[in-house]
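For this one, chain A is given, so just place chain B on it according to the hints.
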Amino acid sequence: MIRAPLAVVPVPAHRTHAAIYWAAMLVGAPLVCLALNQAMVSTLASYPDTAYAAQVLLNVGVNATLAVSLNLINGYTGQFSLGHAGFMAIGAYTAAALMYYLGPQVIGTTPGVAAWGVYFAAVIVVSGLVSALAGLVVGVPSLRLKGDYLAIVTLGFGEIIRVILLNLESMRGARGFSDLEKLDQPFLVLLVLVVCVVVVRNLVSSTRGLAFLSVRDDEIAAESVGVNTTRYKVSAFVVGAYFAGVAGALYSHTQAYIIPGAFDFVKSMEIVAMVVLGGGSIGGTVLAAVGLTLLPELLKGGFMPEVMRNAFPDAMWRALPRWRMVIYSLILIAAMLIQSRGHGRGGKKVKG
Amino acid sequence: MSTPAGSILSLDKVTLRFGGLTAVSSLSLEVAQGSLFGVIGPNGAGKTTAFNLVTGVYKPTEGTIRFDGKTVAQGGKSGWRSKPYQLTAMGVCRTFQNIRLFTSLTVLENVRTAFQTRLKTGMFAATLRTPHFLDEEAAVEAEARELLALVDLDKLADADAANLAYGEQRRLEIARAMATRPRLLLLDEPAAGMNPSEKVRLMEMVKKLRERFGLTVLMIEHDMRFVMGICERIAVLDHGEKIAEGTPAEVRANPAVIEAYLGEQAHA
Chain A
1 MIRAPLAVVP VPAHRTHAAI YWAAMLVGAP LVCLALNQAM VSTLASYPDT
51 AYAAQVLLNV GVNATLAVSL NLINGYTGQF SLGHAGFMAI GAYTAAALMY
101 YLGPQVIGTT PGVAAWGVYF AAVIVVSGLV SALAGLVVGV PSLRLKGDYL
151 AIVTLGFGEI IRVILLNLES MRGARGFSDL EKLDQPFLVL LVLVVCVVVV
201 RNLVSSTRGL AFLSVRDDEI AAESVGVNTT RYKVSAFVVG AYFAGVAGAL
251 YSHTQAYIIP GAFDFVKSME IVAMVVLGGG SIGGTVLAAV GLTLLPELLK
301 GGFMPEVMRN AFPDAMWRAL PRWRMVIYSL ILIAAMLIQS RGHGRGGKKV
351 KG
Chain B
1 MSTPAGSILS LDKVTLRFGG LTAVSSLSLE VAQGSLFGVI GPNGAGKTTA
51 FNLVTGVYKP TEGTIRFDGK TVAQGGKSGW RSKPYQLTAM GVCRTFQNIR
101 LFTSLTVLEN VRTAFQTRLK TGMFAATLRT PHFLDEEAAV EAEARELLAL
151 VDLDKLADAD AANLAYGEQR RLEIARAMAT RPRLLLLDEP AAGMNPSEKV
201 RLMEMVKKLR ERFGLTVLMI EHDMRFVMGI CERIAVLDHG EKIAEGTPAE
251 VRANPAVIEA YLGEQAHA
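Sequence lines, in order, name chains A and B. To convert, note that position 245 of the first sequence is 245 in my numbering; the numbers rise steadily by one, no gaps. To convert, note that position 146 of the second sequence is 146 in my numbering; the numbers rise steadily by one, no gaps.
Derived by calculation from the structure, the hints in this document are not laboratory data. Bear in mind the structure is a predicted one, so any value in this text is a computation, not a measurement. Just so it is clear, CB atoms sit at the ideal spot from N, CA and C, and this is done for glycine as well. Be careful, since some hints might not be right.
[Said to hold, decoys possible] Lysine-lysine pairs mimicking DSS-like chemistry, simulated, CA-CA at most 27 Å apart:
1. B:Lys208 with B:Lys155
2. B:Lys77 with B:Lys155
3. B:Lys155 with A:Lys146
4. B:Lys59 with A:Lys146
5. B:Lys13 with B:Lys59
6. B:Lys155 with B:Lys199
[As the list claims (entries may be wrong)] Over 10 Å on every C-beta distance to chain A, these chain B residues come out as not near it, computed from the model:
7. Gly20
8. Leu21
9. Glu62
10. Gly76
11. Gly79
12. Ala125
13. Arg181
14. Glu198
15. Lys207
16. Met228
17. Gly246
Next comes chain A alone, as it looks inside the complex:
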C-alpha cells in the first residue's frame, strides 16, 4: 500500500518537552497528590466529624473518576452507556477478592502501611484490567446498536453483573464484603483521578483521539476519512471500563464494605447525571461530580457552618433530611434546564 508519508521531522524540543512532561507525571503528580493529601488530612482533623467529612471527600474523588471515564464513552464517543456501575462492580469485587483471599498470602495478615499500599496499588491496576476486559465484551454489541438500543443492552449488562455477584457464594452473595481494610486517606483516590483526567485529555486532544469525537459527530463521515468506527467505539468502552474498574476498586476500600446492591441501576444513572450535567468537557464533568456528590450531604445538613445553622429555624433543619431527595431532584432538574442552554467547548451536548 502506497501512502503519502507524513513529513515527520524529529524536533529536539519535543524530546525535552516529553522528558519534562514525564518528570511532571511520574514525580510531580504524586508529590502534589501527597501534599494535597496532607493538607486535607490536617484540615479534616479540626473538623467536628472527621470520619464523615473524610468519607464524603473520598466519595467525591471516586465519583469524579467514574464520571470522567464515562464521559469518554457517553460524551466524547457519543455512545449512550447505562452500565457504568457494572464495570465499577467488577473492579470493586475483583479488588475485594484479591485483598481478602489473596492478600494474607502475599503481604501477611498484619502488613505494614507500605506493603499494604504497594499491594493495594497493584490490586487496583489488576481490577481495572479485569473491568477493561468486560468493557471489550460489552463493547462488541455496540458495533451494531445505537442510541436507545445500546442503552438497554448496557443497562442489562450492569444488572447481570449485579445478579451474578448476588448469587456467587465466593463473593458472599447479598452479605457482600463487610470487613475490608479501610482506605481513609485520599492520596490514591486523588492520584487515580489525576491519571484518569490526564489520560482522557491526552486521548481526545490528539489527532488519533479526534477519531472518538468524529464517531460522535458523524459516523458516515468518520468512516469516509479512514476511521474504523467499530474500533473506536470498543476502545472507548475498554478505556472507560478500565477507569470505572479502578474507581470501583477504590470504592470498595474507601467504604470498606461492598454489597451487590450498591452497584444497581441507580448508581449508573447517578454517573450519567454527572456526565450530562458536566456538559461534555472534562472540567465540567469533574465539577458536576463534585456538586452532585456534595449536594445530598449538604441537604442532610452536613458541612453547614454555624451561621447558616442559626439563620434558619430548627424545625427546618429537622425537616430537611426527610425532604432532601425531593429537593435534590428539583435542583437536578433546574441544573439540567440551565445546562441545556449552554454550549461548552465539549461540543455537542451529551446524548441522554
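Here is chain B on its own, set in the frame of chain A:
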C-alpha cells in the same frame, strides 16, 4: 481480468438491487489515471448510489469494482466489499452531497481527524505523549494548515466548523478529504448551492489540487456549465444505466442524452 492500462478505477458490469428496485444496472466505467471524470444524469438516475458502491457503502449485487488493479468489491453469492475506511487507506476519498462535517470540532480539527490512516503512532503513544507522537502531531498540524491554505480557509483554522458559511463548508470538506492523500477523489455535487463566482473558484481549486497531488477526480454534478467546463470525460446515467459516455462535446451531441437529460437544459 486485468485493468486496462492507465485506468485507476474500473467498474465491470456492476449492478445493485434493493429488493425489486434496480438502482444501478450493469454499469461499466473506466476512469483513467489523472483524469477529471464527470457523472451526470437526471434526479434518481443512480449517480450517488454508484458513488456509494465505489466508496464501499454498498456491496454490489453483481459485478466487480477494481481500484488501482486490485478488486475492492465483488458481487454475487459470495460477494464482498471493502469497508469505507479501508478504501480510504488505499487512497479513495469522497465528499458528500449533503455536507458532512464534524460540527463540534474546529476547522483545523476536522482536517486533522482525516490523518488517521497516515499516522504511525497509536492511542498508547498519544496517552503517553512520546517524542515521536509530538513530532507526528507537529507534522499533522503543519500539513493540515497547508491544506487549509490551499482552499483559502487558513484564517479560519480555529473557528468552529459549524459556523462556516456554506461555500466554506464545501471547501473544508474537500480539504478534509485531501488530508487522507487520496489518489481518487470523489466529489458528490461539489458546486451545489454555490453562486457563479464561487463555482469558478471551485473549478480552479479542483484543477489546482489535481495538478499538485496527481489526483484523479470523479464527480457528480448537476451544473452543466460546470461539468462541461472542467471534465475531460463524462458518463451519463439514467434509470441506473449508462446511456452515453465520451468527451463533453460528444455527450452534448448524443441524441439519447438530449432526450433523457439535456433536452430541458438545451432549451433553457
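- Task: Would you pick out the hints that fail for this structure and give their numbers low to high?
- Result: Of the numbered hints given earlier, those the structure breaks are 2, 3, 12 and 13, listed in rising order.
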